[in-house]
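Trainee: Using the sequences and the hints given, assemble the complete structure.
As they're listed, the protein sequences go chains A and B. With my numbering, letter number 99 in the first sequence gets 132, and the count goes up by one each step, no holes. With my numbering, letter number 30 in the second sequence gets 31, and the count goes up by one each step, no holes.
In short, the hints are calculated from the structure, not lab data. Be a bit skeptical, because a hint or two may be false.
[Unchecked claim] Reference listing, derived: stretches of chain A covered by chain B, where coverage requires no fewer than 3 residues with Cβ under 8 Å from a Cβ of chain B:
no., region
1, 38 to 46
2, 59 to 65
3, 106 to 115
[What the hints assert, rightly or not] Computed spacing ranges between beta-carbons, pair by pair:
no., chain 1, residue 1, chain 2, residue 2, range
4, A, N116, B, G315, 24 to 32 Å
5, A, G95, B, R178, 51 to 59 Å
6, B, V325, A, S69, 33 to 41 Å
7, A, M113, B, T223, 30 to 38 Å
8, A, R71, B, N183, 35 to 43 Å
Just so it is clear, CB atoms sit at the ideal spot from N, CA and C, and this is done for glycine as well.
Chain by chain, the residues run as shown.
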Amino acid sequence: MAWEMNSDRPIYTQIYDKILVRIVCGIYRAGTRLPSVRDLAAEASVNPNTMQRAFTELERSGLIVTLRNSGRVVTEDMQMIDNAKRQLALAQIDSFFANMRELGYTDQEIMVLINSVIAEK
Amino acid sequence: MNNNNENPMATQQDNNSTSAYPQQENSSVYMQQSASTSPYVPQENDSAYPQQTGTPSVYPQPENSTPLYAQKESGTAPYTQQNQMYGGNSVPATPLLQLNDLCKRYPGMGSYMSVFHMNLVIPRGRIIGLLGPNGCGKSTLIKMINGLLTPTCGNVLINGLNPCAATKKVISYLPERTYLDNSMKVSQMVGYFADFYEDFSTEKAFQMLGALGISTEARLKTLSKGTKEKVQLILVMSRHADLYILDEPIAGVDPAARDYILRTIITNYNPGSTILLSTHLISDIENILDDVIFMKNGSLMLYTSVDAIRSQMGKSVDTYFREVYAC
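Mentor: Written out as structure tokens, the structure is:
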């Protein structure tokens, strides 16, 4: 099944994001090997050059490491992965607040609403 | 929350300008604003005349990363670099395909040029979409590359050679219409191709036929139009060519088979070869393309990478195409 892509951003940045999410949520675990560029390109139905480019950016960020004889592995630096995870979470919260403010909620009202939703559960 | 982003990362992009990855785009969208220059009358001094920009600038600038299947760009002159695919440093860097000032005028068309002074250099290791509205000269261009039409002026060089038997050996061509013998069985057709082309892989062909559920004992005349197209595409993709030229490869094929065919193209194409495909189904193939060529009234309008269009225009190639060619 081809990966869903948005139309407004370069494809490699979207692949980057998708692989990042997979690393953060443990589908690709720290220290384990990643699928090959060709396999992943086929899975995503994208050009292998594009997939390669996403991998290159991930390597540059340090989240994946290329070893001489065992291909690409996810970094074992848990701190780095946690950091990436936190960045993703903060981005979610930012976007949530932005959307709520658009609806006319103040920060206080948002907090009250959140607490009441949690209490109901 | 009214914004249902199915992709959690999308929100990050929307609201956080400091994105997690570097936004580097060296490639420039090279735009040939030639809409005002009518192709009817060649004018050497026309400022929008494609030749004046020089061939190298027509090709998208190298990007920062090293593409897996493309040779690393080095130096300032594109495509004079060593060809890594063939290992040796003694191999001269001849572009895979080069068009020099190529024109085609059909008899009886007055002074109208179907292809108008095209200059183009196509390297190895890319998947390139040849896009443009109906009648803009895509098929004419493709036929000249394959030696089916003779250029009115200019020339086509494939590995440095004019179209001839030797170039047909390295080009696998899917024409716009079927040319297979209807009375033959699919398996006979495979045998025919295997006899005809040294680089044909019978095994690959049967494997793809099996995956698409096409009976090898069926005669071609009993197959539907779409199935016939699939057979033809399979035959073409089963070769191990340097250049695959596919004229409208997926037009008559259902969406599920389309996905399979695109996957086949991705997984089967060998790193040293280039695929040039013309199509109107841009959104379907956009994700597998490296570069796009836009043609208009027989002229080259734009030759750039998909990433460059997306990052500089902020829209997909499909959307961009609709804007550029809006009627």
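Trainee: Against which earlier hints does the structure fall short, listed by number upward?
Mentor: Of the numbered hints, 2, 3 and 7 do not hold.
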